[in-house]
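Build the full structure now, drawing on both the sequences and the hints.
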Amino acid sequence: MTTQLPPCLLWSPDDRRPLEEYQTGVPRWCVGCGDNAILTAVQRLCRDEGLAPERTVFVSGIGCSSRLPHYMRAYGFHGTHGRALPIAEGVKMSRPDLTVFVTTGDGDALSIGAAHWIHALRYNMDLTVLLHDNHIYGLTKKQVSPTSPLGTRSNTTPKGSLLPALNPLTVTLGVPNVSFVAQAVDWIPEVLYQIVLAAYRHKGTSFVRILQRCPEFMPGMFDPWVRDPSRTLLLRHEKGIALSPQVAGTYRNQREHDPRDMAAAREIASVDDPIPVGILYHDPDAPRYEELRHGGAIRTAESIRRGLEAELDTFTIWPDP
Amino acid sequence: MTTVACEAVPAARSRRLIDEHVVEIVSDSGEGAQRCGQSFAAIAARSGLGIWTVEIIPAEIQPPARSVAGASGNRVRLASRPVTNGGDAVDLVVAFNEQVLRGRVEAGELRPEATILLESAWANDRDPQIAREYAETREELLSHRYRLIDLPMEAESRTIVSDPRRGKNMFALGVLCLIYGLDRRLAREQIAITFGKKDQAVIDQNVRLLEAGWAWAEREVDLRFELERMTVTEPQVVLNGNTAIALGILASGMEICAMYPITPATSASHYLTDVFERVGGIVHQAEDEIAACAFAIGASYAGKCAVTITSGPGLSLKQEGIGLAVMAEIPLVVVDVQRGGPSTGQPTKPEQGDLLAAMFGSHGDAPKVVMAVSGIEDCFYSMITARKIAETFNTVVVVLSDGSLATAQQPIPRPAFSEEWLASPADQSPVPGGGRPYDWDATTGLIRRWIPGQPGGMHTITGIAHDRDSHVAYDATSNEEGLRHRSLKLAALQRTLRTPRLFGDDEGDLLVIGWGSTKGAIEEAVSRLRAEGHRVSALHLTFIQPMPSGIGDILRRFRRVVTVEMAWADRADDALIDDESRRWSPLAMLLRSRFLVDVDCWTDVSGRPLRPAAIHDGLLPKLGPA
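Top to bottom, those sequences are chains R and U.
Heads up: the first sequence begins at 4 in our numbering, then just goes up one per residue.
Heads up: the second sequence begins at 675 in our numbering, then just goes up one per residue.
Any given hint could turn out to be false.
Now the stretches of chain U that chain R is said to cover, found in silico as 3 or more residues with beta-carbon under 8 angstroms [as the list claims (entries may be wrong)]:
id, region
1, 811–825
2, 929–938
3, 1119–1133
4, 1136–1148
Calculated from the structure, these hints are not laboratory results.
Heads up, the beta-carbon is just placed ideally off N, CA and C, and yes, glycines get one too.
Take a look at the structure:
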């Protein structure tokens, strides 16, 4: 129907590109910024999955998180604040053959782009959405964000924020047709990588909230969790992510959780301490908007002409013979 | 039946030859006056008459029954020549109740000597208040010069259908066909077309109603009009503006339209959805206007040019996306079917208030192409032109239509499809080494855009100031380079535009300039002025940004210049208004600033499509001393 190109069906290990082939530019994030860990995980993913850089698109909005496409050697669309998701939806609708990632932040996705966030989950298009959640506006220099904990002192809340934080996981899990919800933290890179990998492999909108440190404006924010592994709840399941012995040995606070179990997912999501890490919900069968919309017919000049003529026929006054 | 003539009316069954008539059919919402009017117009067009129809739409979906503001229906201008606008006052009206009729009378829609065919069933309504209202209004109407004919639609239809509310519109159609001498066979055929999706029994019943109306009028009405017919030699299509836009989108090869429901634009998307269901393509109803614009931009970025369709408030919301597409140089077609503004304004009424917003609405310097459709045919072809310009220049093309074209119908020559209308397939060839994504051409500002899938072309586009590599760049040189080249593209396009042709002589006392939907009405008004001996010409602009060359020369060949627009301009005689405080209408302001010519304006914001007589009368004082 629309411009469709057959995805490459064959892949041989020779096609593997080194990590450097997915890298470009020098990230301008602060030292210690969690965005660096996310970038590394994504670059590793591209390498390991052998993604063709020319067929991979990173779409972002505005904010620190949204600079990520500039550091990927792939196609990128650094859009406007809050609008990464609808831009990415348009890309995917017009080119289902492309692999599309969305990188966004807590201000970008959950505040100015909140409407798009909710609806993107409903559309369930095949997008891998990475929510860099540092609980603060960084690029605009420290304003309270929807996920800032109650009492957060910022330039717009000098006496501390007045409202409880939004929980993006519970909201996400409340949207019909949601198909993949996971939470990762930037300080456990191996698990972050595994989660991003699972998200990428899922066909549908994969929503990954990544708790991300902002040493500049939220120094020490996650220190209690970084220092105390027991305050991380690692979700474990045969259908979940692979855990190395090192990780499993360090993070012993674990819970068996079937990602198909929505009720349990919502219960897990509603607790923020310990921080649940892993795949909360996964429904591989949720319908995808781009598939529902594409009829499969290829448009040609001839089919357009025929369609147009048929439409015009219904409005035509023919001269009497 | 009673035929009451308030003045002596020649009661002859012979047909009176007329050049044109404006006919209205009005009812409560849902009683089928619109269907009656559309069918009547279609039959007239097939008979070889020039037609133009205007929908009469109440603002509410179901306004209270029998309310003055609730008129729903159709205005049909019939003529023995092609017509380009809805004409002036109404010559004949069929009203399903006296309250909707009152609304039309009070709005000054009727000629003083108009013929009124009024449903008479209300006289015996069970509700005494309704019967009294009816009687009072009828008396009131009789005190004027109208010719009033009692029309027993309900009583007569009841012999055919159990619920006359669902059928008297076709009875009325039969009456109109008889009065205007339209072919009964064509009328029957039209009913088959109108009800084509229903079963034969429905078609048969409506044909019986049509025949009943015809027979009743033949028996009871002393009124016959005859219009000379044109010979139809080429196939024509009867389209409204929004349908023409949708068909134009199909014909342009665009495949994705993203929209959000808004009046009066939405019907274009409705129809396009229908078409795309059959032909392929996607109309995406986004969660909001911003998302619709962003979705279209994403689609355009990665593949063929996409379109987003909206009306005024939606244009405001899309401005950030429009700015992004301009900045990142992504093709995009934005259709704005204008309505009364600001804010929610008058959703169902036409206005041309969005011109400056379309040109300058985004923050910063965001040069984009703005063109306006001047008629139904233009609605179709402008989509093909807009798509081509958007893709060639990698920029945004805003196409302005308005509510007066959205639902107006007119026969136009049937378009003959050409493959050249279509967008090329997305380029997926490898990018040769050494090129940069924004290698602006120094003269034209044009770039060669690389899209996802092209090996070697990987880059990240951004709405942030960027250099030729598309890297974020805040240095003064990069910023200025981007601004300069994006602006140059408009100059490059300008060089390809033809100077619009004058309607009338090359010089004179008054030049009337318009843009958009008003072309037909303006030229008709100017024709009348010229026929009266005035040295008046008209110029109509399709491209407003960039404006074609040669306009300034034309302006200077006339003693006075005035724009005619459906937009606000301060009234020159208001106490506080003088040349220094006056806010001019949009086009007048643009022409004044660009050409340093003292351009005046005459504007109308009545919310009605512009009428030739109103323009004529408005222009007379602008002629100045001879």
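*State whether the coverage of the region 929–938 of chain U by chain R holds or is violated, taking the criterion as 3 or more residues with Cβ-Cβ distances under 8 angstroms.*
holds (count 3)
*Count the residues of the region 1136–1148 of chain U with a beta-carbon closer than 8 angstroms to any beta-carbon of chain R: does the count reach three?*
n = 5 at 8 angstroms, threshold three: holds.
*Do at least three Cβ atoms from the region 811–825 of chain U come closer than 8 angstroms to Cβ atoms of chain R?*
Answer violated; 0 residues pass the 8 angstroms Cβ test.
*Taking a Cβ-to-Cβ distance below 8 angstroms as contact, does the region 1119–1133 of chain U have at least three residues touching chain R?*
Holds: 9 residues of the region 1119–1133 of chain U have a Cβ under 8 angstroms from chain R.
When each numbered hint is compared with the structure, a violation occurs for hint 1 only.
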